[in-house]
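J.: Each chain is listed here by its residues.
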Amino acid sequence: MIDKRVNTAHEAVADVFDGATIMIGGFGEAGSPIELLHALIDQGASDLTIVSNNTGSGEVGLAALIKAGRVSKAVCSYPRTANSTVFTELYRNGQIKLELVPQGTLAERIRCGGAGVPAFYTATAVGTPLAEGKELREFEGKQYVMERGLRADFTIIKARMADVHGNLLYNKTARNFGPIMATAAETTIVQVESVVEAGEIDPETIVTPGIFVDRVVQVAQPAHESELVAAGATYP
Amino acid sequence: MIDKRVNTAHEAVADVFDGATIMIGGFGEAGSPIELLHALIDQGASDLTIVSNNTGSGEVGLAALIKAGRVSKAVCSYPRTANSTVFTELYRNGQIKLELVPQGTLAERIRCGGAGVPAFYTATAVGTPLAEGKELREFEGKQYVMERGLRADFTIIKARMADVHGNLLYNKTARNFGPIMATAAETTIVQVESVVEAGEIDPETIVTPGIFVDRVVQVAQPAHESELVAAGATYP
Amino acid sequence: MTSNDLKAGRSRDEMAARLAQDIPNGWYVNLGIGIPELVAKFVPEDKTLIYHTENGLIGMGPSPAAGQGDPELINAGKRQVTAMPGAAYFHHADSFVMIRGGHIDLCVLGALQVAQNGDLANWSTGQPDAIPAVGGAMDLVAGVKSIYVITQHTTKQGEPKLVESCTYPLTGLGVVNRIYTNLAVIDVTPGGFGVTELSPGVEFKDVQNQTGAPLSDIRESATAGKK
Amino acid sequence: MTSNDLKAGRSRDEMAARLAQDIPNGWYVNLGIGIPELVAKFVPEDKTLIYHTENGLIGMGPSPAAGQGDPELINAGKRQVTAMPGAAYFHHADSFVMIRGGHIDLCVLGALQVAQNGDLANWSTGQPDAIPAVGGAMDLVAGVKSIYVITQHTTKQGEPKLVESCTYPLTGLGVVNRIYTNLAVIDVTPGGFGVTELSPGVEFKDVQNQTGAPLSDIRESATAGKK
Chain A
1 MIDKRVNTAH EAVADVFDGA TIMIGGFGEA GSPIELLHAL IDQGASDLTI VSNNTGSGEV
61 GLAALIKAGR VSKAVCSYPR TANSTVFTEL YRNGQIKLEL VPQGTLAERI RCGGAGVPAF
121 YTATAVGTPL AEGKELREFE GKQYVMERGL RADFTIIKAR MADVHGNLLY NKTARNFGPI
181 MATAAETTIV QVESVVEAGE IDPETIVTPG IFVDRVVQVA QPAHESELVA AGATYP
Chain B
237 MIDKRVNTAH EAVADVFDGA TIMIGGFGEA GSPIELLHAL IDQGASDLTI VSNNTGSGEV
297 GLAALIKAGR VSKAVCSYPR TANSTVFTEL YRNGQIKLEL VPQGTLAERI RCGGAGVPAF
357 YTATAVGTPL AEGKELREFE GKQYVMERGL RADFTIIKAR MADVHGNLLY NKTARNFGPI
417 MATAAETTIV QVESVVEAGE IDPETIVTPG IFVDRVVQVA QPAHESELVA AGATYP
Chain C
473 MTSNDLKAGR SRDEMAARLA QDIPNGWYVN LGIGIPELVA KFVPEDKTLI YHTENGLIGM
533 GPSPAAGQGD PELINAGKRQ VTAMPGAAYF HHADSFVMIR GGHIDLCVLG ALQVAQNGDL
593 ANWSTGQPDA IPAVGGAMDL VAGVKSIYVI TQHTTKQGEP KLVESCTYPL TGLGVVNRIY
653 TNLAVIDVTP GGFGVTELSP GVEFKDVQNQ TGAPLSDIRE SATAGKK
Chain D
700 MTSNDLKAGR SRDEMAARLA QDIPNGWYVN LGIGIPELVA KFVPEDKTLI YHTENGLIGM
760 GPSPAAGQGD PELINAGKRQ VTAMPGAAYF HHADSFVMIR GGHIDLCVLG ALQVAQNGDL
820 ANWSTGQPDA IPAVGGAMDL VAGVKSIYVI TQHTTKQGEP KLVESCTYPL TGLGVVNRIY
880 TNLAVIDVTP GGFGVTELSP GVEFKDVQNQ TGAPLSDIRE SATAGKK
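Note that the protein sequences, when read in sequence, are chains A, B, C and D.
Letter by letter, the first sequence follows residues 1 to 236 of this note's numbering.
Letter by letter, the second sequence follows residues 237 to 472 of this note's numbering.
Letter by letter, the third sequence follows residues 473 to 699 of this note's numbering.
Letter by letter, the fourth sequence follows residues 700 to 926 of this note's numbering.
There could be a bad hint or two in this list.
As the list claims (entries may be wrong) - The following label-pair restraints were derived from C-beta to C-beta distances:
1) B:ALA250 <-> C:ALA685: 44 to 50 angstroms
2) A:PHE17 <-> D:LYS746: 26 to 32 angstroms
3) C:GLY533 <-> A:ASP18: 42 to 48 angstroms
4) C:GLN540 <-> A:PRO236: 41 to 47 angstroms
5) D:GLY760 <-> A:GLU138: 20 to 26 angstroms
6) A:LYS134 <-> B:ASP251: 38 to 44 angstroms
7) A:GLU138 <-> D:ARG711: 51 to 57 angstroms
8) A:ALA220 <-> D:GLN767: 35 to 41 angstroms
9) A:LYS134 <-> D:GLY766: 56 to 62 angstroms
10) C:GLY533 <-> D:ILE732: 45 to 51 angstroms
11) B:GLU374 <-> C:ALA602: 34 to 40 angstroms
12) D:GLN767 <-> A:GLU135: 51 to 57 angstroms
13) C:THR597 <-> A:ALA231: 29 to 35 angstroms
14) B:GLU463 <-> C:THR661: 44 to 50 angstroms
Since the hints were derived computationally from the structure, they do not count as laboratory data.
Built from N, CA and C at the ideal position, the CB exists for glycine as well.
Build the full structure now, drawing on both the sequences and the hints.
T.: As structure tokens, this is what we get:
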């Protein structure tokens, strides 16, 4: 009997340690695991390195984690968005580091981290500041830059539905980084709206096989970041 | 209006040229595009390089293409199986070349070919004869071998269902190399049991998005290789 | 016409409409944020284009009707969109297989500067206090088959955006194929910028005056080359 | 007991049953073709293991009932199988993400030879007329967290399979963690082969006599190390 459920978001993130690297799913608000992020704020781990496409908006979810001073470094492709001021302020004050990575390179680095591939070559960013200091190499007359696989201690993502084995289905463009981040961490933690028994999800349609998932916590009605921000919500 | 259907298997493979590299889906008989392979035998192209996991069985499908003398080189992980004698005979006579590739390296080389990644590193095969002559490199104290992305002129695969955009669903373990081979060729040709209108497949469940597919041909009741072999069938 | 007369030639909508004419039926297209997004409005009805958004959807449709949206169905600009019949969802690595692997036919982008060799700068002004943010721009220009830039011909201050070499940080080297501005349609050729079409009421010398690199006039050969 | 007495100690089923005892509940396991496949039959009922087959299925079940199979639902040995509740299908690149990325807990394989440093040879005898075929063996040994070998202690001709260094072409370097033979359970330790358990009726010197490398006796420490 396999059952990867844990009872609460707080239980799910209880062992996150100071200095940990955490991959955080989401593109804008789509797929952002707000309730797990709030549990992480309560839990208290600090000096975190986060790997995420954006840095949240308003003062909830990922932005609240950053505002609480828990994040020392962000590995991101686009660390600013509408209603995003928290990161900007800390960055300008030198209170948070940024490793800027092109979005597709970030995605492939994460996939390679999960796939046991330590490095790969891409034409993306050749000749730009984001290739500075990186190794260049020519294949068939074209220049490529070597990029490294990326792994984390924890991955925190949101999906739509899980079964007790941790098999996952997502919702529309909230899928984004979830399936690859799930593969690239020592411990993968997922919040889902519903959990079903093994066999209730058609095995042809599973997006993330449960082998990549360690803990599933049900959050039946997750908050929408844009609604919280519009309402002026803050956390904690 | 997008409609990638062609009327016959013969029409689908009409432009395959002598000397072409062709990726051929399937693992054993699961996913083997037998009707497209038979059309390719009729079509007559020769001096082909095939990229496939196996080399077929009996004297139908892929084995028949090889037996007809059309294949000068095979890039394979496992070029022999039960009831597989055609490849063995030609190989022993020096009439066909073999590039043997570990199965996971073959899969990743194909994926990288489709993903614009010219090369990657893997620990697979380090210290073995299959890494001989290849570049080794150490990352964090561990040895890896550099492997190159792999592309083809054509990909020929079998799926279960398509819509007119070329979005694909597969059947069980017949999925195998189909989704990655579809990404790695100039022209991807798919035989399916049924074709539906755009919108009839749930966009959450699509395995191969139609952007990777050029031609779809309906073969409503594809033959099973094992049944043909058991019946002693040959082609042509 | 002076270098400050930015409204000369085509309006934003007219630029988008002009570009839309040139996209062949059935192409897979990624439209950047801003003027590029306008292109979708002007695609002739006899053509079907399929829109890709790098956050995991191909077959993107227009904005939803009021109240019909899903905050988890958005485009790369993080605005709510819809999915057309034949759409598919996928994860970010697969999305950039489409981009990096050369499967998208066309990407339309804005620009800070385009150099005469096709270098593009469109992600950063390089100012010390700017928060660096690149998104998928570098992947798109490196991987997509054709890169069209759509932009005003000059900055609001009248500075040329088409230049001998970019002074802003680059997005990609030699990646731009064609530029649609308010004043002209300009190809990036082995010999530099070539004007293939002037906007109505615009003369060649007006375009040259507002361009920071030499222009060749290839209107004849471009027309002759058309089938 | 002589070196030709291959049936000494455990039978194939007993070897598989012995190995099955050591697999923790909930592990993701890939079983090679041959004796390794027998392991699934002997897993205690209080444990759930999840079986991966590299051709694109996790949650593989036993052979179908007669007439119930699907020729497109097969395992890596190309025999028809079933899918258990909670199973998932995926393509080959994703399957080897599981393997190469270290997500599979255990792979059980047969062997031609195992060297005292853990080198494994199991894919080719290197004979000039053999048709080379490797399948997923090299990926599995390079990527899976634990590699257990299950094999007769010697060849049919009585030649040792556990040797100082392999003479057959290698599958992987230093990859084997543990070996289950008819005669013993043997760990690959930094100091070479260590016998952790003798099969019933087998003595240490019998095992040493049929092994091509020195054995240490770590039965005490192995027991002491158990929780």
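J.: Checked against the structure, which of the hints given earlier come out wrong?
T.: Violated: hints 4, 5 and 14.
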